[in-house]
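Participant: What follows is each chain in one-letter form.
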Amino acid sequence: MSIRPLYDRVVVKRIEAQRTTASGIVIPDTASEKPEQGEVIATGNGRRLQDGTQVPLEVKIGDQVLFGKYAGQTVKLNGEELLVLREEDILGVVESSDARLKKVA
Amino acid sequence: MSIRPLYDRVVVKRIEAQRTTASGIVIPDTASEKPEQGEVIATGNGRRLQDGTQVPLEVKIGDQVLFGKYAGQTVKLNGEELLVLREEDILGVVESSDARLKKVA
Amino acid sequence: MSIRPLYDRVVVKRIEAQRTTASGIVIPDTASEKPEQGEVIATGNGRRLQDGTQVPLEVKIGDQVLFGKYAGQTVKLNGEELLVLREEDILGVVESSDARLKKVA
Amino acid sequence: MSIRPLYDRVVVKRIEAQRTTASGIVIPDTASEKPEQGEVIATGNGRRLQDGTQVPLEVKIGDQVLFGKYAGQTVKLNGEELLVLREEDILGVVESSDARLKKVA
Amino acid sequence: MSIRPLYDRVVVKRIEAQRTTASGIVIPDTASEKPEQGEVIATGNGRRLQDGTQVPLEVKIGDQVLFGKYAGQTVKLNGEELLVLREEDILGVVESSDARLKKVA
Amino acid sequence: MSIRPLYDRVVVKRIEAQRTTASGIVIPDTASEKPEQGEVIATGNGRRLQDGTQVPLEVKIGDQVLFGKYAGQTVKLNGEELLVLREEDILGVVESSDARLKKVA
Amino acid sequence: MSIRPLYDRVVVKRIEAQRTTASGIVIPDTASEKPEQGEVIATGNGRRLQDGTQVPLEVKIGDQVLFGKYAGQTVKLNGEELLVLREEDILGVVESSDARLKKVA
Numbered sequence: 001m002s003i004r005p006l007y008d009r010v011v012v013k014r015i016e017a018q019r020t021t022a023s024g025i026v027i028p029d030t031a032s033e034k035p036e037q038g039e040v041i042a043t044g045n046g047r048r049l050q051d052g053t054q055v056p057l058e059v060k061i062g063d064q065v066l067f068g069k070y071a072g073q074t075v076k077l078n079g080e081e082l083l084v085l086r087e088e089d090i091l092g093v094v095e096s097s098d099a100r101l102k103k104v105a
Numbered sequence: 001m002s003i004r005p006l007y008d009r010v011v012v013k014r015i016e017a018q019r020t021t022a023s024g025i026v027i028p029d030t031a032s033e034k035p036e037q038g039e040v041i042a043t044g045n046g047r048r049l050q051d052g053t054q055v056p057l058e059v060k061i062g063d064q065v066l067f068g069k070y071a072g073q074t075v076k077l078n079g080e081e082l083l084v085l086r087e088e089d090i091l092g093v094v095e096s097s098d099a100r101l102k103k104v105a
Numbered sequence: 001m002s003i004r005p006l007y008d009r010v011v012v013k014r015i016e017a018q019r020t021t022a023s024g025i026v027i028p029d030t031a032s033e034k035p036e037q038g039e040v041i042a043t044g045n046g047r048r049l050q051d052g053t054q055v056p057l058e059v060k061i062g063d064q065v066l067f068g069k070y071a072g073q074t075v076k077l078n079g080e081e082l083l084v085l086r087e088e089d090i091l092g093v094v095e096s097s098d099a100r101l102k103k104v105a
Numbered sequence: 001m002s003i004r005p006l007y008d009r010v011v012v013k014r015i016e017a018q019r020t021t022a023s024g025i026v027i028p029d030t031a032s033e034k035p036e037q038g039e040v041i042a043t044g045n046g047r048r049l050q051d052g053t054q055v056p057l058e059v060k061i062g063d064q065v066l067f068g069k070y071a072g073q074t075v076k077l078n079g080e081e082l083l084v085l086r087e088e089d090i091l092g093v094v095e096s097s098d099a100r101l102k103k104v105a
Numbered sequence: 001m002s003i004r005p006l007y008d009r010v011v012v013k014r015i016e017a018q019r020t021t022a023s024g025i026v027i028p029d030t031a032s033e034k035p036e037q038g039e040v041i042a043t044g045n046g047r048r049l050q051d052g053t054q055v056p057l058e059v060k061i062g063d064q065v066l067f068g069k070y071a072g073q074t075v076k077l078n079g080e081e082l083l084v085l086r087e088e089d090i091l092g093v094v095e096s097s098d099a100r101l102k103k104v105a
Numbered sequence: 001m002s003i004r005p006l007y008d009r010v011v012v013k014r015i016e017a018q019r020t021t022a023s024g025i026v027i028p029d030t031a032s033e034k035p036e037q038g039e040v041i042a043t044g045n046g047r048r049l050q051d052g053t054q055v056p057l058e059v060k061i062g063d064q065v066l067f068g069k070y071a072g073q074t075v076k077l078n079g080e081e082l083l084v085l086r087e088e089d090i091l092g093v094v095e096s097s098d099a100r101l102k103k104v105a
Numbered sequence: 001m002s003i004r005p006l007y008d009r010v011v012v013k014r015i016e017a018q019r020t021t022a023s024g025i026v027i028p029d030t031a032s033e034k035p036e037q038g039e040v041i042a043t044g045n046g047r048r049l050q051d052g053t054q055v056p057l058e059v060k061i062g063d064q065v066l067f068g069k070y071a072g073q074t075v076k077l078n079g080e081e082l083l084v085l086r087e088e089d090i091l092g093v094v095e096s097s098d099a100r101l102k103k104v105a
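Chains as they are written, first to last, in UniProt numbering: chain A, 1 to 105; chain B, 1 to 105; chain C, 1 to 105; chain D, 1 to 105; chain E, 1 to 105; chain F, 1 to 105; chain G, 1 to 105.
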C-alpha cells in the first residue's frame, strides 16, 4: 500500500536524527523543537492555478527536505509513520556534496 | 436515497479500523486521534473557478482516502453515517498493491 | 408574500424529522446536533464573478438539501420559519430513488 | 438632506414591526433577535470590480429587504434613524403578492 | 501646510455637531457613539488595481461624508485635528437640498 | 552604510517634534499617541503585481510623511534610529506652502 | 551539505553583533529586541505567480539583509545555525559605502 497525495501535498518519511548529548543522554522528542528532516516518498500532481491548470511541485521524490516540527499531519500506513505536508510547509531541500558532484559529472 | 455533493465536496463512508491493542483491549474512538480512512461514494462536479468554469476533482468514486479526524461534517442517511468533506481536506489516496497491478495489466 | 434571495443565497424550508427515541421520548432540538434537511423554495440569481457576470447556482427549487445545524439565518414570513443560506453552506442534495427513476424514464 | 451611499452600500429605513404579544405586552427591542425588515431608500453605484468597472446592485430603491439585526451602521439624519448596509448583508427581498400581480399585468 | 493622502485615503475635517440635550446639558464625546460627519478636504489619487492602474475615488473635495466614530486615524496639523480615512470607511455622502437644486439648475 | 528597502517598503527618519507643554514640562514619548512625522530617505522598487511587474511607489525620497505611532519596525544603522515601513502604512504626505510655491515656479 | 530553499524563501546566516555595553557588560540575546542582520547564502527560484510563472527574488546571494528578530525558522546544518526566511520578512538590504564604490567603478 502507498499514499498518492493530492495537488500540492507531499508524503514525507521522517529521518529521526539521533538526539543524544555528548555524555550519552538521549533527549526525548518533546525537548527539542528544531525543524525536522525527511525524505519525500510521494508528491501530488501540483497546485491548481486559478485558470484550472496544475503547476508541478518544486520538490521531487527522493529529496531530503526540512520542515517545521508541527507541520503537516501524521499518517500511519503498514505500521510506518508518514507525514503529509503541503509543499509550502517545506523550508528547503538539503543537498549533500555528493548530490552536487553528481550534477557536475 | 443518496447524497449528491455540491462543487468540491465528496461523500465518504468511513472504514472503521479495528482499534484493539495486542492484549485485546478495545480503544474507544476518542482515545486515538490518527487520520481516518474511508471510501469515496459520491463526488461533486468540481470547484468553480473565477471565470465560472468547473474543474473536476482529483478523487473519484471508489477511492480509498485519508483525512483528518475532525474534517468534514457527519450526515446520517438511511441509518448510515456518512461524511461530507471538501476535497482539500483529503490528505491522499491509499493505493493498494493490487490497484497498481491492475494499472500495469 | 415570498422572499427573493440575492446572489448565491437560497431560501430553505426545514423538514423537521421527528426526533423521538424508540421508547417514545421526544428529544428537544438542542440535544441533537446533526445536519438538517430542508427543501429549497427560492434561489438567488447566482454568485457574481470577478468579471461581473453571474453563474447560476447548482441547487434548484424543489431540491432536498442537507446543511449544518447552525448555517444561515432564520427568517419568519407569514408565520412560517424559513432559513436563508449561502449555497456553499449546503452539504449536498438528497436524491431519492424515485428521483432517479424519473431521470431514467 | 439625504444620504448617497458609496459603491455597494445601501441606505435602509427600518420597518419596525409592532412587537406586542397577544396579551398586549410590548417586547423591547433587545428581547427579539429576528432579522429585520426595511425599505431601501438609496443605493450606491455598485461594487467596484478588479478591472475598475462597477456592477450595479441587485436591490433597488423601494425594495423591502431582510437583514440581520446587527448588520450595518445606524445613521441619524433629520431626526430619523437610517441604516447603512453593504448589499451582501441583505438576506433577500420580500415580494408581496401585489408586486407579483404588477409584474404579470 | 496640508496633507496629500495616498491611494484610497481621504483627509476629513470633522463637523462637531453641538451635543447638547434639550435642558442644555452638554454630552461629552464618549457618551454618544453615533457616526460622525465631516468635510473632505483632500483625496488620494485612487485605489491601485491589480493591473497597476489607479481608479479615482467616488468622493471629492467638499463632500460632506458620514463615517463610523472609530474609523481612521487622527492627525494634528497646524493645531487643527484632521482625520485620515480609507474611502471604504465612508458610509455615504450627505446631500443637502441645496446641492440638489444646483444639480437641477 | 545605507538601507535599500525591498518592494513597497520605505525607510523613514523620524522628525521628533518637541513635546513640551506651555509650562515647559517635557512629555515623554509614551504619553502622546499621535501619528508621527518623518522624512523618506529610501524607497523600494515598488509593489509586485500579480502579473510580475512592479509599480513604483507614490512617495519619493525627501517626502515628509505621516504614519501611525506603532507602524513599521525600527532599525539602528550607524547609531541612527530609522524606521522601515510599508507604503500602505503611510497616511499622507505633508506639503508645506513652500513646496507648493516650488511647483508653481 | 547545503540548503536549497523553495520559491520565495532565502537562507540567511546571522551576523551576531557584539552586544556589549560601554562598561563591558555583555547583554544576553533576549534583552535586545532590535532587528537582526545576516548574509543571504541561498535563495529560492522565486515566488509563483497566479499564471504559474516564477518571478526571481530581489535579494541575491551575498546581500547583507535586515529582518525582524522573530522572523523565519532556525535550521541547524553541519553544526551551524541558519535562518530560513520568506523574502517579504526582509526589511531591506544594507549597502556599505564600499558596495557603492564598486558600482561606480
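These are computed hints drawn from the structure, not numbers from a lab.
None of the values given here were measured: they were computed from a predicted structure.
Where is the CB? At the ideal position from N, CA and C, for every residue including glycine.
Hints are supplied without guarantee of correctness; some may be wrong.
[To be verified] List time: in silico DSS-like cross-link candidates among lysine-lysine, alpha-carbon distance up to 30 Å:
{"hint": "1", "chain 1": "G", "residue 1": "K60", "chain 2": "F", "residue 2": "K60"}
{"hint": "2", "chain 1": "F", "residue 1": "K13", "chain 2": "G", "residue 2": "K69"}
{"hint": "3", "chain 1": "D", "residue 1": "K76", "chain 2": "D", "residue 2": "K60"}
[To be verified] Selected chain D positions facing chain E (Cβ under 10 Å, derived; list incomplete):
{"hint": "4", "residue": "I3"}
{"hint": "5", "residue": "Y7"}
{"hint": "6", "residue": "V11"}
{"hint": "7", "residue": "R14"}
{"hint": "8", "residue": "I15"}
{"hint": "9", "residue": "Q37"}
{"hint": "10", "residue": "A42"}
{"hint": "11", "residue": "G44"}
{"hint": "12", "residue": "R48"}
{"hint": "13", "residue": "P56"}
{"hint": "14", "residue": "V59"}
{"hint": "15", "residue": "G68"}
{"hint": "16", "residue": "K69"}
{"hint": "17", "residue": "Q73"}
{"hint": "18", "residue": "L77"}
{"hint": "19", "residue": "V94"}
[As the list claims (entries may be wrong)] Output of the computed footprint for chain E on chain F, the stretches with three or more beta carbons under 8 Å from beta carbons of chain E:
{"hint": "20", "region": "4–15"}
{"hint": "21", "region": "46–54"}
{"hint": "22", "region": "57–70"}
Participant: Now, for every hint given, state plainly whether the structure supports it.
Facilitator: We went through each hint and held it up to the structure:
no. : hint             : result
1   : G:K60 with F:K60 : 24 Å, holds
2   : F:K13 with G:K69 : 21 Å, holds
3   : D:K76 with D:K60 : 22 Å, holds
4   : I3               : 4 Å, holds
5   : Y7               : 7 Å, holds
6   : V11              : 7 Å, holds
7   : R14              : 16 Å, violated
8   : I15              : 20 Å, violated
9   : Q37              : 21 Å, violated
10  : A42              : 8 Å, holds
11  : G44              : 8 Å, holds
12  : R48              : 7 Å, holds
13  : P56              : 14 Å, violated
14  : V59              : 15 Å, violated
15  : G68              : 17 Å, violated
16  : K69              : 17 Å, violated
17  : Q73              : 6 Å, holds
18  : L77              : 7 Å, holds
19  : V94              : 24 Å, violated
20  : 4–15             : violated (count 0)
21  : 46–54            : holds (count 5)
22  : 57–70            : holds (count 4)
Of the numbered hints listed earlier, those contradicted by the structure are 7, 8, 9, 13, 14, 15, 16, 19, 20.
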